[in-house]
Amino acid sequence: MKALISLFFALFALSIAYSQEAIIDTNQTHPFNKAVMFSAIVPGGGQIYNSIKKKKGFRHAIWKVPLIYGGLGATIYMLAQNQSIQKNLKSEYTNRLNGETGSAEWAVYDDQGVLFLYQQYLDQRDLSILAVGAVYLFQILDAGVESHFISFDVSEDLSLRVRPTILGNTTPGINISLNFK
519 MKALISLFFA LFALSIAYSQ EAIIDTNQTH PFNKAVMFSA IVPGGGQIYN SIKKKKGFRH
579 AIWKVPLIYG GLGATIYMLA QNQSIQKNLK SEYTNRLNGE TGSAEWAVYD DQGVLFLYQQ
639 YLDQRDLSIL AVGAVYLFQI LDAGVESHFI SFDVSEDLSL RVRPTILGNT TPGINISLNF
699 K
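Just so we're on the same page, our numbering is the position in the sequence shown counted from 1, plus 518.
Just so you know, the hints here were simulated from the structure itself, not pulled from any lab data.
It cannot be assumed that every hint is accurate.
Within a straight-line C-alpha distance of at most 25 Å, the following computed DSS-like cross-link-like pairs (lysine-lysine) qualify [said to hold, decoys possible]: (1) K582 - K572; (2) K582 - K552; (3) K552 - K571; (4) K582 - K571; (5) K572 - K552.
Cβ-Cβ distance ranges computed for the label pairs, FRET-style [claimed, not checked]: (6) I570 - L676: 44 to 52 Å; (7) L659 - N693: 31 to 39 Å; (8) G588 - A558: 16 to 24 Å; (9) L676 - K571: 18 to 26 Å; (10) S695 - K571: 32 to 40 Å; (11) K605 - L659: 42 to 50 Å; (12) T688 - Y587: 46 to 54 Å; (13) E623 - I559: 38 to 46 Å; (14) S695 - Y595: 41 to 49 Å; (15) I694 - L585: 26 to 34 Å; (16) I647 - N551: 24 to 32 Å.
What you are looking at is a predicted structure, and each value in this text was computed from that prediction instead of being measured.
Built from N, CA and C at the ideal position, the CB exists for glycine as well.
Generate the whole structure from the sequences, applying the supplied hints.
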């Protein structure tokens, strides 16, 4: 029995000693869904996450965050302005239909003019809503695309050079050189 137990522990020890070595993946990919999630929760969050996780090269994608907030701020401002003017025009038109005196701001327009302006600002408000959505979706898309390119390495060994050239004596052309080293 002692021999059997000793043999068991010896085989167990040998199995551990001859086990395979752990393979370390040096080409780890950056999690795409995490950057998209951060960017969807907080605008610009994915760009900040990508710039923190980038190991080499130009790390600071944080410069995109003010552009994102500027785009969102401008489109939200346009949305608020168009909504406010559209509400004023709607109340002006209903006041005129009820026989009440209107605002001096819209006195130069007749009823059809006020109705036309109301429709115009209503359309501009709808376009502003689309613009806010487009800026928001664009920054999510940007974070996702950037997260895919974090592990993409462009070294000095790979280059593309485009130069203008002259073929013959008078024909302009383009010289494209792709170098692999």
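Tested hints:
Our distance criterion of 25 Å between C-alpha atoms is met by K582 and K572, whose separation comes to about 15 Å. Note on K582 and K552: the hinted pairing holds, with a Cα-Cα distance of about 18 Å set against a maximum of 25 Å. Taken as a hint, the K552 and K571 pair is honoured in the structure, with Cα atoms around 11 Å apart against an allowance of 25 Å. For the given pair, K582 sits about 16 Å from K571 by alpha-carbon distance, which is consistent with the 25 Å threshold.
A distance of roughly 14 Å separates the Cα atoms of K572 and K552; the hinted pair therefore holds under the 25 Å criterion. Distance hint for I570 and L676: a CB-CB separation of about 27 Å, inconsistent with the stated range 44 to 52 Å. Range check, L659 to N693: about 34 Å between beta-carbon atoms, so the 31 to 39 Å window is met. Take G588 and A558: their Cβ atoms lie about 19 Å apart, and the range 16 to 24 Å holds.
For L676 and K571, the Cβ-Cβ distance of about 23 Å falls inside the hinted range of 18 to 26 Å, so the restraint holds. At roughly 34 Å, the beta-carbon separation of S695 and K571 lies within the given 32 to 40 Å, and the hint holds. As the Cβ distance of K605 to L659 is approximately 33 Å, the hint placing it in 42 to 50 Å is violated. As the Cβ distance of T688 to Y587 is approximately 52 Å, the hint placing it in 46 to 54 Å holds.
In this structure the supplied range 38 to 46 Å holds for E623 paired with I559, their Cβ-Cβ distance being about 41 Å. One distance hint, 41 to 49 Å for the beta-carbon pair S695 and Y595, holds here, with the actual separation near 47 Å. At roughly 32 Å, the beta-carbon separation of I694 and L585 lies within the given 26 to 34 Å, and the hint holds. Distance hint check: the CB atoms of I647 and N551 are about 27 Å apart, consistent with the given range 24 to 32 Å.
In terms of the numbered hints stated before, the structure departs from hints 6, 11, listed from lowest to highest.
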